[in-house]
Each structure stands twice: as structure tokens, then as C-alpha cells.
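Chains as they are written, first to last, in the working numbering: chain A, 237 to 624; chain B, 237 to 624; chain C, 237 to 624.
Hints are not guaranteed to be accurate.
Which copy? The list can't say, so a pair holds if one copy fits it or any two copies do.
Below, simulated DSS-like cross-link-like pairs (lysine-lysine); rule was C-alpha separation at most 25 Å, straight line [stated by the list, open to error]:
#: 1; residue 1: Lys252; residue 2: Lys595
#: 2; residue 1: Lys379; residue 2: Lys599
#: 3; residue 1: Lys379; residue 2: Lys606
#: 4; residue 1: Lys252; residue 2: Lys604
#: 5; residue 1: Lys595; residue 2: Lys373
#: 6; residue 1: Lys403; residue 2: Lys252
#: 7; residue 1: Lys341; residue 2: Lys373
#: 8; residue 1: Lys587; residue 2: Lys606
#: 9; residue 1: Lys606; residue 2: Lys252
#: 10; residue 1: Lys252; residue 2: Lys587
#: 11; residue 1: Lys252; residue 2: Lys599
#: 12; residue 1: Lys379; residue 2: Lys341
Calculated from the structure, these hints are not laboratory results.
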Amino acid sequence: MALSLAFTPQQELAGKMPVSLERARAPQYGRYLDEFVPGQVFIHPRGFSFERAAMLDFARTFMQTNPLYLNTDFAKAHGFTDLPASPQMVFNVVLSLGVQNDSEKAIANLGYYNAQFLRPVYPGDTVRAYTKVIDRKERGADKPGIVLIRTLGVNQHDRVVLQYERKIMVSWRGQRPPTTPVPDEPVDFPWVNEAKLELPLTGAFPAHLTGPNTYFEDYTPGDIIVHANGRTITDEHVALTYKVCNTHPLHYDRIYSQGLSGKMSGEPIVYGGLVFAWLEGLASRDVSENALWELGFTEGYHTQPSVSGDTVAGLSRVLAVEPLPGSDPAGIVTFQFIGVKNISAANALEKHGADLFIKENDKQGLGKDKIGDKIFEIERRLLIKRRT
Amino acid sequence: MALSLAFTPQQELAGKMPVSLERARAPQYGRYLDEFVPGQVFIHPRGFSFERAAMLDFARTFMQTNPLYLNTDFAKAHGFTDLPASPQMVFNVVLSLGVQNDSEKAIANLGYYNAQFLRPVYPGDTVRAYTKVIDRKERGADKPGIVLIRTLGVNQHDRVVLQYERKIMVSWRGQRPPTTPVPDEPVDFPWVNEAKLELPLTGAFPAHLTGPNTYFEDYTPGDIIVHANGRTITDEHVALTYKVCNTHPLHYDRIYSQGLSGKMSGEPIVYGGLVFAWLEGLASRDVSENALWELGFTEGYHTQPSVSGDTVAGLSRVLAVEPLPGSDPAGIVTFQFIGVKNISAANALEKHGADLFIKENDKQGLGKDKIGDKIFEIERRLLIKRRT
Amino acid sequence: MALSLAFTPQQELAGKMPVSLERARAPQYGRYLDEFVPGQVFIHPRGFSFERAAMLDFARTFMQTNPLYLNTDFAKAHGFTDLPASPQMVFNVVLSLGVQNDSEKAIANLGYYNAQFLRPVYPGDTVRAYTKVIDRKERGADKPGIVLIRTLGVNQHDRVVLQYERKIMVSWRGQRPPTTPVPDEPVDFPWVNEAKLELPLTGAFPAHLTGPNTYFEDYTPGDIIVHANGRTITDEHVALTYKVCNTHPLHYDRIYSQGLSGKMSGEPIVYGGLVFAWLEGLASRDVSENALWELGFTEGYHTQPSVSGDTVAGLSRVLAVEPLPGSDPAGIVTFQFIGVKNISAANALEKHGADLFIKENDKQGLGKDKIGDKIFEIERRLLIKRRT
Numbered sequence: 237m238a239l240s241l242a243f244t245p246q247q248e249l250a251g252k253m254p255v256s257l258e259r260a261r262a263p264q265y266g267r268y269l270d271e272f273v274p275g276q277v278f279i280h281p282r283g284f285s286f287e288r289a290a291m292l293d294f295a296r297t298f299m300q301t302n303p304l305y306l307n308t309d310f311a312k313a314h315g316f317t318d319l320p321a322s323p324q325m326v327f328n329v330v331l332s333l334g335v336q337n338d339s340e341k342a343i344a345n346l347g348y349y350n351a352q353f354l355r356p357v358y359p360g361d362t363v364r365a366y367t368k369v370i371d372r373k374e375r376g377a378d379k380p381g382i383v384l385i386r387t388l389g390v391n392q393h394d395r396v397v398l399q400y401e402r403k404i405m406v407s408w409r410g411q412r413p414p415t416t417p418v419p420d421e422p423v424d425f426p427w428v429n430e431a432k433l434e435l436p437l438t439g440a441f442p443a444h445l446t447g448p449n450t451y452f453e454d455y456t457p458g459d460i461i462v463h464a465n466g467r468t469i470t471d472e473h474v475a476l477t478y479k480v481c482n483t484h485p486l487h488y489d490r491i492y493s494q495g496l497s498g499k500m501s502g503e504p505i506v507y508g509g510l511v512f513a514w515l516e517g518l519a520s521r522d523v524s525e526n527a528l529w530e531l532g533f534t535e536g537y538h539t540q541p542s543v544s545g546d547t548v549a550g551l552s553r554v555l556a557v558e559p560l561p562g563s564d565p566a567g568i569v570t571f572q573f574i575g576v577k578n579i580s581a582a583n584a585l586e587k588h589g590a591d592l593f594i595k596e597n598d599k600q601g602l603g604k605d606k607i608g609d610k611i612f613e614i615e616r617r618l619l620i621k622r623r624t
Numbered sequence: 237m238a239l240s241l242a243f244t245p246q247q248e249l250a251g252k253m254p255v256s257l258e259r260a261r262a263p264q265y266g267r268y269l270d271e272f273v274p275g276q277v278f279i280h281p282r283g284f285s286f287e288r289a290a291m292l293d294f295a296r297t298f299m300q301t302n303p304l305y306l307n308t309d310f311a312k313a314h315g316f317t318d319l320p321a322s323p324q325m326v327f328n329v330v331l332s333l334g335v336q337n338d339s340e341k342a343i344a345n346l347g348y349y350n351a352q353f354l355r356p357v358y359p360g361d362t363v364r365a366y367t368k369v370i371d372r373k374e375r376g377a378d379k380p381g382i383v384l385i386r387t388l389g390v391n392q393h394d395r396v397v398l399q400y401e402r403k404i405m406v407s408w409r410g411q412r413p414p415t416t417p418v419p420d421e422p423v424d425f426p427w428v429n430e431a432k433l434e435l436p437l438t439g440a441f442p443a444h445l446t447g448p449n450t451y452f453e454d455y456t457p458g459d460i461i462v463h464a465n466g467r468t469i470t471d472e473h474v475a476l477t478y479k480v481c482n483t484h485p486l487h488y489d490r491i492y493s494q495g496l497s498g499k500m501s502g503e504p505i506v507y508g509g510l511v512f513a514w515l516e517g518l519a520s521r522d523v524s525e526n527a528l529w530e531l532g533f534t535e536g537y538h539t540q541p542s543v544s545g546d547t548v549a550g551l552s553r554v555l556a557v558e559p560l561p562g563s564d565p566a567g568i569v570t571f572q573f574i575g576v577k578n579i580s581a582a583n584a585l586e587k588h589g590a591d592l593f594i595k596e597n598d599k600q601g602l603g604k605d606k607i608g609d610k611i612f613e614i615e616r617r618l619l620i621k622r623r624t
Numbered sequence: 237m238a239l240s241l242a243f244t245p246q247q248e249l250a251g252k253m254p255v256s257l258e259r260a261r262a263p264q265y266g267r268y269l270d271e272f273v274p275g276q277v278f279i280h281p282r283g284f285s286f287e288r289a290a291m292l293d294f295a296r297t298f299m300q301t302n303p304l305y306l307n308t309d310f311a312k313a314h315g316f317t318d319l320p321a322s323p324q325m326v327f328n329v330v331l332s333l334g335v336q337n338d339s340e341k342a343i344a345n346l347g348y349y350n351a352q353f354l355r356p357v358y359p360g361d362t363v364r365a366y367t368k369v370i371d372r373k374e375r376g377a378d379k380p381g382i383v384l385i386r387t388l389g390v391n392q393h394d395r396v397v398l399q400y401e402r403k404i405m406v407s408w409r410g411q412r413p414p415t416t417p418v419p420d421e422p423v424d425f426p427w428v429n430e431a432k433l434e435l436p437l438t439g440a441f442p443a444h445l446t447g448p449n450t451y452f453e454d455y456t457p458g459d460i461i462v463h464a465n466g467r468t469i470t471d472e473h474v475a476l477t478y479k480v481c482n483t484h485p486l487h488y489d490r491i492y493s494q495g496l497s498g499k500m501s502g503e504p505i506v507y508g509g510l511v512f513a514w515l516e517g518l519a520s521r522d523v524s525e526n527a528l529w530e531l532g533f534t535e536g537y538h539t540q541p542s543v544s545g546d547t548v549a550g551l552s553r554v555l556a557v558e559p560l561p562g563s564d565p566a567g568i569v570t571f572q573f574i575g576v577k578n579i580s581a582a583n584a585l586e587k588h589g590a591d592l593f594i595k596e597n598d599k600q601g602l603g604k605d606k607i608g609d610k611i612f613e614i615e616r617r618l619l620i621k622r623r624t
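The following block holds chain A by itself, in its conformation from the complex:
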């Protein structure tokens, strides 16, 4: 079937049509606390086609140094079908696709939990996302509540590429107009309970294009690694927000930001996924240049917001190392990963010492002050090549 239509000259119409102000409507997106119902599944809009150039662009923007994400030949020599998207890009996109349903009205992103990257995303793949509401915790009629959600991304073959949990803080709707309702129909939510990673590796990895000191054997529990460089975040973050399809106006609409009160008021806040991505890139020469895969992460908290002009830097601490059984060419390293801003990582360590590695939410219970220089904390698990 083809649509065929003759163009007619477009006549000017506005002047002849009286304006009826009472006919105005203002569609709202996102969801207030009252609107979340445990069990609900949201099919997120749009989807996101991954293309090689955008994948390379993401890796370079966020200063990724693992050649897997920068060099197609290197990736193929490992056994990947093609250049894989960096897991960080997949995370940024899947979370962002969900914002319109999950958190466009949220007032805080409280934490990321149990993220698992189940399979590679390749050039030409299109990822769609779903969210299931798991729990809604009310804290009284005049206080925002906490919603626990599970979100996952699937590729065009409906195979899950990433799944994770997130907690967000959301206000009651009150007198505000309702948001766009979700179509009310049962939707399958393909969360994978017994997830398995299958990587088609060659076992013969090219040398020389990665550092000599960042193999599995180079990490011992307790090691602290101070990443040398910071990255100054510029206004670029405003455009990057929707480059990954995040629709929350907090990140790109200064008029919106100026209308807020409190810590988020003023300049647009950098979307947290982008901050995580820069920190991860800055750490990559020291901890993940020889990673074969990023298994996932948990207990991820943005403890301070960042704005344009802030310089972010990071430190990693080895929490566990776990060789794979048999002749597998890699092992699992778990890192605690800390981000700071407007101070070098080395100076932050000197200034705050061991306290830098205590979760900010645990500080009060321990009688310690929160660290204002600290912006991020998480635990990450990487699959890292053995030195051959």
C-alpha cells in the first residue's frame, strides 16, 4: 500500500481563526507517586537504534580507553561479531528511555542496584525498554515517597541486554494536573532470573594495544588506585542528555531549573548517567583497559549533583578477585568506585583518607560528616583478561 497525495498550496490560516484560550492544554509526562501501582509494566517510548559511529562517539566523549569500544578490528579479534557498544552506553540509553514513564517527575534518583549486562549490543541493533513497578513506599501525605522499579532493555530479537533496579523519590501529585496515562493492558516483563553471560571469545587476544599492568593478576583486594586525570564537564551535557534519549528537563531547561528550590535549583544538573560515564572513562586506563566485559554494578549513589564547569575525577578500590574455573582466560574483579569533583583524586584521598570509601548514607550512623567533594559511589564487577 502506498500513500499518494497531491501537494496543494498552503494557505495562511492563523489570522482567520479566533484564539480560544480556554482550549489550551498542557500535556505532562512522567508520573507522580499516586500514579505508580506495583505490578504495572511500562513500555517505554521510541527505542534507540545503535550505530557504529554513535557508539564510537559515546566511547570517545566519555574517554573510554578499552579498545573493545574504539577499534572494530580489535573487538573482532576477540571473537565479538562486531564492535560492541560500551555497557555504559547501554546503561545510559536504557535508563533514559525509561525516564518519560519512570522519573520525569521524580525529585531524586536514589540508587542503582543489581545491574547486569547480559549480552552485547552491536551496530544496527535497536534497543527498547520496559519498566515494572516493584514497590511503592509511602512516607506520609506531605512527604515524597520512594518507588522501587525494575527496568530492562531488549534488542530487536527481544533478548534482554541489560536489567537493573532503581529507587526514585517522587512527590504526590497534589493539585497538579495528571500526567499522560499508561495504556491499561497486560504487558509481559521479560526479567531474567537466572541470567547467564555467553561471550563468543577466540581466546587469542591481540597484545600491545592495551596497558601492560592492568590484567587480572594486577589486582589484589585492598589495592587503591588513584586515577590521574579529571574531566571538566562543559555545557555539552545539555545536548548529551537527549543524545541518550533522557527527557527530564532538569538537565536541559534552565527556566525549569531556575523555577526549582533547593539543591537542584539554578543551572541544569548533569544527568547522573553521564557523570558515571565520565568517571568510568577516567578510570578505564587503570582498571578496565583489559576488561572483556562489564558484568554489572550495585549500590550506586549520586551523592552530590554536578553542573557544567565541574571537573570530575575518580578512585577505585579492589574489593574482590575471583578467577574463573578451568582454563578461562579471565577473572572477575570487584571494585569500589568513588567519584569526586573540583579536587584531584590524589588530593581527595589525602584530604579525606579512608572516609572517602564509607557510603555517604552510612556516615550519620557512624558519627561522621558527609563529604561534599564526593559525588558518586558504586560497586562494579568487571571480567578482566589474565596476562597470557
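Mind docking chains B and C on chain A? Use the hints.
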């Protein structure tokens, strides 16, 4: 035929060559009023190869939400051969390719008229552009005149993809050096008088990836739709100007801008096509997420310039709805579309009411003040899916 | 061989692992003067996959006007297999890939010499880079020394695409921690001594998409060409640094920059390769729109740093013209190319006259003052089409 050339060591030469200042020349581009001759046809330089990643990048930069421009699978499911470039990108590129001949010496872009998007542009297509001078209106020896031009873009098969008219204000050359002359040879100008749109639709469109409330049936003449979010324009606009191949220094050369007097003096002005693109993206969740095609627009005016740091927002008003005859799965909706800056769309409506929808050029005749918050006005025609 | 791994729930670990501050390490990259040994060869990390969209993006970001780098059809019509990367992009990438070994600890980039572009880089090619240390000139125990290196880039078939020499100024290590050592093994360095350019040209070049006044015949030794427009560099340069894979923190880490003393202290300095690229793009309408190839350059000096907000502009002077023997459709033009900032090229010529074309390093010997407005000087050789 192959060119074969042995490299010889490059000897330093500059020190031995005396400088002859009288040998300096300063090539100028664009065209002064005296240089426009009705009937002339300009073949615009370069051309522009559209690639999938750049198309996705454009759609994301300008916050397009219609999955047709973001999701290759979605586009193909509709019957498109591949991901189509957003018409907004095609417009930005075709206009920009023409700047070197049409408006690089223009002092104002007065209006866009009768734009028609005749066929999709796909990844791998290369677009070239032509302009024909239609009319030159002189307003006295000491005043800039007005030139009416027609511009069109063709793909690599010489098929027109977009055609439109534009009025620009241009000064007499006076004592200034002449610009680079046009080769003086007859050139065919393939304007399409009885244009027809042919879209190879499947008729079976995927649901769930677009909003449930933005189908043809959701629009009634008189409806006013206040788009929720604004977009803060950053310095990114400087680079975006030539990303679409626009060569006017007003948008990227601060030394040039500071040398001007009047409203355009100071910081580089954002190229109007980019402003239109952001406004359209901001409106897209509410009015075009379910569009199958953008037929075109007319009476488009940039009523105030924007600079880096401005936050733009928009409002749409439904002017007409027109079902297609027969069983066609779509109808035509004509919108009046208004852009404002540094005020939310909701506040602009509250502050200015019905006057926001009166063309700025008609204000004086009606005894009304112009609205300084308003930056753009246009009438757009979209082909929007019916709810199935 | 496939790696298969069951995901296990990720347990929070950090709280149970005591922090041992003495276990901190801070890996350093780059190389101090003491660490350079003539004869050493560095295999640079990562590599860089060139993709069509990133190539187009580079050409547009830096305002390239030669359609060879913007229009795939135009390039193929000339006989190129596909769109070639602009030589400027190849130079930026190859230099940047070497920064981690060559100059991440350098305090100044002293000059570029004898650059030769040996063959095109096409979409899908992956470039890797090598450096050989040629000479280390010590100037005393308390002064930085000068290292002369040769760097080259090869494609995935190990064919050299670019080779050049560079001098850098580097400090002694002193009390600072050593950098990551180079693997100590003999490495082949495929520098080409008798280089030859082979271009598969058709000889029938499309007209109309380039300017009519920029053919080989349009240049006469002594001509000075004042390029009309400047380009305001924005914060974009911070991200562009690693878009070409440059790892020097001077360009993206404000905390690092603020910790420096002297001329480089304060805001991040724009990576010189980017400055060269913008200047070249600004000149391209006047001197290289009809170039078939950029043969190379020598005596390239960045005489002043640039920062975000600076507006750069350029002037070219014809130093030599050399027709190719036989029926070849092109000739070689050598240009002296000068960059200035925060002044238009025309005003710079008026203000400084012939002195603008004297190398800044020669000024003292001639009893002349250096020109603070001047930021760059180089001699370039282009292969330019004859008018047919």
C-alpha cells in the same frame, strides 16, 4: 588513470620569499543586492552526504521524539526503505548549502514560504541544492532591498526532496569589494509545480513506541497545546552551524559579530534553522510523535534572534484538520507554531494570551505592541496517523 | 571457544573491607626526559576505527569546504574508492594516539616537520600508531630537554598512511614517580624513506560543486590570501580532544590546568591539532576546495596557546607552484599558512604587515618583536586540480 608521485623532502621556503603586501587579496562570498539578477540560477557548492549516524545525531540533538527518526526498525515497519532523515534536518541542510550564494551577505532572513518535503532522504543519499532568483525589490539607493528566491534540494538521482521560497534583506554593495562571481551559464532549475507525495506505507504501524494521545483524532481546530519543556541553547550552536553546512559568519565568528552594529551585534546569533529545529523537537511529543510525514510549512518568521544561553520553548495551535479520502490511515493537521524564549510556554501564554498568536508583522496595523518574548512563528502541515 | 558464566547476585562488599591507605597507587602516563632513549619504538595504545559519519563530522566541525571530505558521490567520481578522511583528521588522530607515550608529560609541543600523507584512510579502516625516539637533547640538569621523535600511522593492512617528525620539550623526572614502563622488546618501525603517492584518479572531475577561482592556475608565488572568516572556539574543544584520542590533561582537566604555573596555567588549552584543523577549514574555500590531496607540511609551530572563547582566523601566502610533468591534471602549490586570534585576518595583515610572515623564532635574530596575535605558522603542500 592513476596519479603517481614521489614525495620529495619539503624544503622551508618562506624565509627566502620577500613579502609583497600589494599582492594580497581577500575573497568574499555571498552576494550584495546589486549582484542578484532575477532568473539567475545558482548551483550551490559541496553537497551533503546523509549518513545514518548523523541523521540520528541530528534527531537527538534537536530532541525529536518521533521514532521514525530514531529507530530504524520502526521506520522500516512503516514501509520506509530505511531510516528517513527528519524533514527538519533536510530543511536545515538545503537552506545552509545555499547560504554561500544566497545569503552570506544578507542582513536578515525575512521569511520562509511554501516549503514542501517531496520525498524521504535516506542514509547514503547525497543532497545538492539550487537557488533561482525570483524577484529583487529595491527600496531606494540607501536602503537594503528584498530578494525573493526559490531553493530546492535534489538527491543523487536528481529528484527534488524539498523546495521552498525565502525572502532575504540584502544591502547594496557600495564601496565594498565584489563577491566571487557565479559562473555565467544557463542552468536548469527543477522546481516541481504539481508536486505529489508518494510514501510506500505498510498500513500496519507498530504501537506502543509513541504516545496514545497524539493521533489525528486528538486534534480539533482551535486547540492550543502548551509544550511542557524548554531547551537551553548552549555554545553548541556555533559548531552546529556548519554541521549543516551554513557558512554565514554571524553564527560562528565573534569578531565578525562584534564588528556589527544593531540587534545582531555582540555574541554570535543562533542560525534560525537550528532554533526552528529545537522548537519542533520540543513540540514533537505533543504534536508529531505520530506523524507519518511533515508536508511542509509557510509564513515562517524569526521575530527575535537567539544567542547561546537562551532557553527556547513552544506552543502549537490547531488551525485545520483534514482527513484523507478513502481508507488512508492518516490525516492532515495544520498547526500554528509559536516559539518563545527565556520564559516557559505556559507563562508566555498566561502573560500574552491571544496576542501570542497574532503575526508580529500584523501587530502595528492592529495597534498592538510586538512581543519581545516571541522568537518564531510559522504554520506547519503534518500528516498524522489515525488511531487504529 | 565461548565464555559462559552464570550471573550471581552482586553482594555489597565495601563496608566489610577495611581501607588500607598505604595500598594506594597512582599510575602515571607519558614519559619524562630521563625515560626517552633514542632508538626506542613505542606501540601506541588503542587504535582508531574511522567511520564515515565521524569523518563527515570531523570535516564539518572544522569547517572543511572541499567536497572530497563531505560528499561521498563527489569523492567516488574522482576515483577514490570511498569518502577519504581529511588528512587533517588523520594527522589529529595519529598524533593523539601517540600522546600517551610521547607527550603526556611534555611541557611544550615545539614543532611539526616533514609530514607526509601517503595514502587515503577510508570508512572502516582502523589506524594504529608507532613512534621512534630519534634524538634526546639535554640542556642541563635543571632545564627541560628536547626530544625529536618520528611518528607514523598504519592502516589495518600495515600500510603507512601518515608519517611526520615532532619536537617536544620535556622535563626531567626529578622526584616524581616514574611513568608506566614500555614493554622492552624490539619493535619494527615501518618509516618509508622513498615515499610515493598513488591516487586512483578518474581524470574526469565533477564541476560546479567547488569554487571557480581556486584551481592550480589561480595561484602565483607571492600571492597573499586573506581568509574572510574567523571561528570562535567554544568549550567543544574539551570533548574534541579525546574525540581524536588525545589523552593530555592540559586540554580537558581544569583542576590540572589550574595547578600549573606560567602561560599554560588557568583554563584548559585547546589541543594544537584542533587549532590547526579549524584554521585549515577556514582557509579551505580559498586554497583547498579544489585540492586533490594534501601532500604534507613542515615547520609547523604553535606560537601562542588558544583557549575556549578565542576566535581564530588565517592567511595564506603562495610560496611555490609546481606543475606535474606530463598530462597530470594537477599541480603542487606550497603555501605559508599563518593563524591569528581575536583579530580578523584582514586587520592582522594591516596591523603587522610583512612581519606576520616571519617565523616567530627568527624574530629575535632580526631585532623584531614577536607578534602576540599570531598563534600558528606552517608551510603546506597541496596537490590542486588544474582548471579543465
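In rising order, the numbers of the hints this structure does not comply with: Those not satisfied: there are none.
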